[in-house]
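Chains as they are written, first to last, in this note's numbering: chain A, 1 to 64; chain B, 65 to 482.
FYI, nobody ran anything at the bench for these hints, they're computed from the structure.
One should not assume that every hint holds.
What the simulated footprint calls covered on chain A by chain B, stretch by stretch (three residues with Cβ under 8 Å from a Cβ of chain B suffice, anywhere in the stretch; the number is not a length) [claimed, not checked]:
id	stretch
1	7–13
2	28–35
3	48–58
FRET-style restraints, in silico, Cβ to Cβ [what the hints assert, rightly or not]:
id	chain 1	residue 1	chain 2	residue 2	range
4	B	Arg110	A	Asp6	43 to 53 Å
5	A	Asp27	B	Gly155	28 to 38 Å
6	B	Leu477	A	Asp6	40 to 50 Å
Residues of chain A clear of chain B, computed beta-carbon distances all greater than 12 Å [what the hints assert, rightly or not]:
id	residue
7	Met1
8	Asp22
9	Gly38
10	Glu39
11	Pro41
12	Pro42
13	Glu63
Positions of the beta carbon are idealized from the N, C-alpha and C atoms, including for glycine.
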Amino acid sequence: MRIVLDSEACQGHGRCYALAPDLFDADDDGYSVLLVSGEVPPELEEAARLAADNCPEYAISIED
Amino acid sequence: MMTVTNDSIHTAGPGDLGIDWATEFDHTQESYAQNAPAIWDELRERCPVAHTDAHGGVWLPTKHADVTAIAHDTENFTSESVVVSQFKPLGLAPAGFAPPITSDPPYHQSARRLLLPAFAPKVVNLLEDYVRECCRSLLDDLLAQGTDVVDAATAYAQHIPVLTIARMLGLPPEDGDRFRTFIHRILEKPGQYTDQIAPEDTLVHYLSEIIAQRRSEPPRDDLIGFLLEAEMDGEPLTNEHVFGTIALLIIAGIDTTWSNLGASIWHLAQNPDDRARLREDPDVLPFAIEEFLRFYSPVTMARLAAKDTEIGGCPVSARDWVLLTFPAANRDPEAFERADEFIIDRQRNRHVAFGLGIHRCLGSNLARLELTVAIDEWMKRIPDFELADPNPDAVRWSTGQVRGPRELPIRLLRTVEA
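Chain A extracted, bound-state conformation:
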């Protein structure tokens, strides 16, 4: 599984780093920062889906 963050679309809603703190962090302005480089470790796949499914801006996409 690969995960992609569209930083242009991110508006800092903060859902991803609340739901998947091992995959996302907040920068000083509250925008999302992706902590993994593309490939999601198997144990974090569920968290990745949760983050993608809760982004109001559809800024996170998952490629299986």
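On the provided structure of chain A, position chain B as indicated by the hints.
Chain B alone, transformed into the frame defined by chain A:
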């Protein structure tokens, strides 16, 4: 026992009032506020972009797709005013009265960036202990009344955001009653009080005095102190900018959070299964808070059409008002599975209670903190409760663009000593 999990149960349904919601709605009237979710559902089916001649002409989109498109389209829709009233501002661009909420790009970006770090989660979460202390103290007072019926709105929910924003700004917490009066006039009855208020009893006067006083004192480490020292694009902020931003932080953070918290308690009072779930499964709380935000979204924003344009195929003229009906978008079955059901552990929840696009609610992290702590502390001290009046429609919902119960009599069924 009567349980209500959606808003289809009403003493008077929206179709029984003799009002054609597609052409005659008025969001400042009680008939709309009492029935809003059912009105949105009806309109989404038969006329998804409604219009009224009230307030100089207002459009009401009810579909998630249309609300999303408007929120993202800052070319065709300006934020020059975000509260519908008879008064349409002209010439306030690009800053608007209360930057950054009333600002358009590119000015908006600088004005917002200035504030973002103060509302980022790592900073806001430092307030958790303070918010928890406030909630506990309010619950101590509320239970010390010794009555079996308490008002969850006036004795609990309304105080939490006031105490929190006063703390952040560095204003006296006892000024909270005045804040709520200012906000009531601006948000619930826009334009209706203008002739009746003494000048010294206005938000303008209150803030002018505060700012003058603070400028004469050594700088303090709070948000007002920050704004007085801040620079934007290499220049100190103008007095108007400082004034407008403080006004925004007072106006935007109080009724909104109070409304959602009150609605959440109203819901829990009617749904014993959801109360039990919160008591027995602490992990569900973050999901419950998001579902409260989706199902009882308090905030509808507004825009003015910047030019002749369209919404979902309906032609809209320049300077028409447009409501950004985030609460209606959050109940659109095209965007949410089982949209009309409250599902306390909903896993897929892209709700738009805090808006979308560049104006995403600046205080969303603060609101989430307050809501989470306030529900958590309430459930610990008052694990079981019900509506004092078993008819859920006995509760009046506030009119205007922020919708929530302003009074909420609750019967205590079980309480826990601190």
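Point to revise | Indices of hints not satisfied (ascending) | key: Of the numbered hints, just 4 does not hold.
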